[in-house]
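Novice: Chains as they are written, first to last, in my numbering: chain L, 110 to 294; chain R, 110 to 294.
Honestly, the hints are just simulated from the structure, not real lab data. Some clues are possibly wrong.
Any copy will do: because identical chains look the same in the list, a pair fits if it lies in one copy or spans two.
[Said to hold, decoys possible] Computed list of lysine-lysine pairs in BS3-like fashion (alpha-carbon distance at most 25 Å, straight line): (1) 243 - 123; (2) 271 - 207; (3) 243 - 207; (4) 243 - 229; (5) 123 - 214; (6) 229 - 214; (7) 271 - 123; (8) 243 - 271.
Every value quoted in this text rests on a predicted model; they were computed, and no experiment measured them.
Number of protein chains: 2
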Amino acid sequence: MGRWDPDARGRLMKAAMELYAERGFEPTTVADIAARAGLTERTFFRHFADKREVLFSGSAALQELMVGAVAMAPESATPIEAVAAGVEAAAGVIRDRKYSLERQKLIEAHPVLRERELIKMASLASAFAATLRKRGVNDPAATLTSEAGIAVFRIAFERWVKDSGNREFVALIREGFAELRSLVA
Amino acid sequence: MGRWDPDARGRLMKAAMELYAERGFEPTTVADIAARAGLTERTFFRHFADKREVLFSGSAALQELMVGAVAMAPESATPIEAVAAGVEAAAGVIRDRKYSLERQKLIEAHPVLRERELIKMASLASAFAATLRKRGVNDPAATLTSEAGIAVFRIAFERWVKDSGNREFVALIREGFAELRSLVA
Chain L
110 MGRWDPDARG
120 RLMKAAMELY
130 AERGFEPTTV
140 ADIAARAGLT
150 ERTFFRHFAD
160 KREVLFSGSA
170 ALQELMVGAV
180 AMAPESATPI
190 EAVAAGVEAA
200 AGVIRDRKYS
210 LERQKLIEAH
220 PVLRERELIK
230 MASLASAFAA
240 TLRKRGVNDP
250 AATLTSEAGI
260 AVFRIAFERW
270 VKDSGNREFV
280 ALIREGFAEL
290 RSLVA
Chain R
110 MGRWDPDARG
120 RLMKAAMELY
130 AERGFEPTTV
140 ADIAARAGLT
150 ERTFFRHFAD
160 KREVLFSGSA
170 ALQELMVGAV
180 AMAPESATPI
190 EAVAAGVEAA
200 AGVIRDRKYS
210 LERQKLIEAH
220 PVLRERELIK
230 MASLASAFAA
240 TLRKRGVNDP
250 AATLTSEAGI
260 AVFRIAFERW
270 VKDSGNREFV
280 ALIREGFAEL
290 RSLVA
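Please take these sequences and the hints and turn them into a complete structure.
Specialist: Structure (structure tokens):
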């Protein structure tokens, strides 16, 4: 195994998910994950800060993508339309429903993971609000719209991974925004 | 100082806030807080799990009060009206704006406190959703309405503590719900 391995990250993620499923999240160590992937602990830590972060791999890139979509919404878009564009952009890249469901079950079962998820979602909402402010939306409208949009995102995601009807993620997001509108009307 | 002190809790809270302001949150120890209050560390831990919890004292009671108000909303209330009743109930008991502002600044300045706050808010949203389900509201409507209501609560609270216009908390909550309605329309 050379020091440089183009797929080290993917192998570590796969190994981690296997071990979390087989042995549970708590008992699994970074050493176990590295060994299963045929890599060193040192390599693990070049890719992830800790064993929780494996489950949030790509969250910075996802945030950039979603924030980019808010920023690029047409000038004529209302704040909620811009936020909806940001949330819908996620559906273009979150495609692996089986992985997403396994990950979601792990997060729901472990308060330390749930905590990390809450922080990521709060960060995403803040980034959305900052982007809306750049679009000329004042507070509290910017924050309120962003928080509401992130709530739609989280709920649509949970429905998507658990839904037995195999409905599309983007359809559930659109339904969520429509439902929000009718609920607060 | 007797072992039993009816106001130990209040004195510990006051001592903690003073020390957090004077020395900062991180350097302050539980021993410092107990000493300032003229009490023992043992007494501190009878009241609070750690030095973070001092800032979330009463959050369980607040949650009960708010959830109670959702449950007691008239049968004819829509889900968002029931949630709004729960959020407004908070304004009846959160009255000390000066303390609330100091607390808010501390929370914003320290990620460990921000984390704890996010967890409390997620728990409140879950409790609201469970109460709506008991009222016959299905998911995702129950979760979505609750999350949106908690977003209004958090934003109204922040505005209230920082607002230079001395506006009433309940007025800012009502404005938040009205704004949410117009933003998603």
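Novice: For which of the previously enumerated hints does the structure constitute a violation, in increasing order of number?
Specialist: Numbers 1, 3, in rising order.
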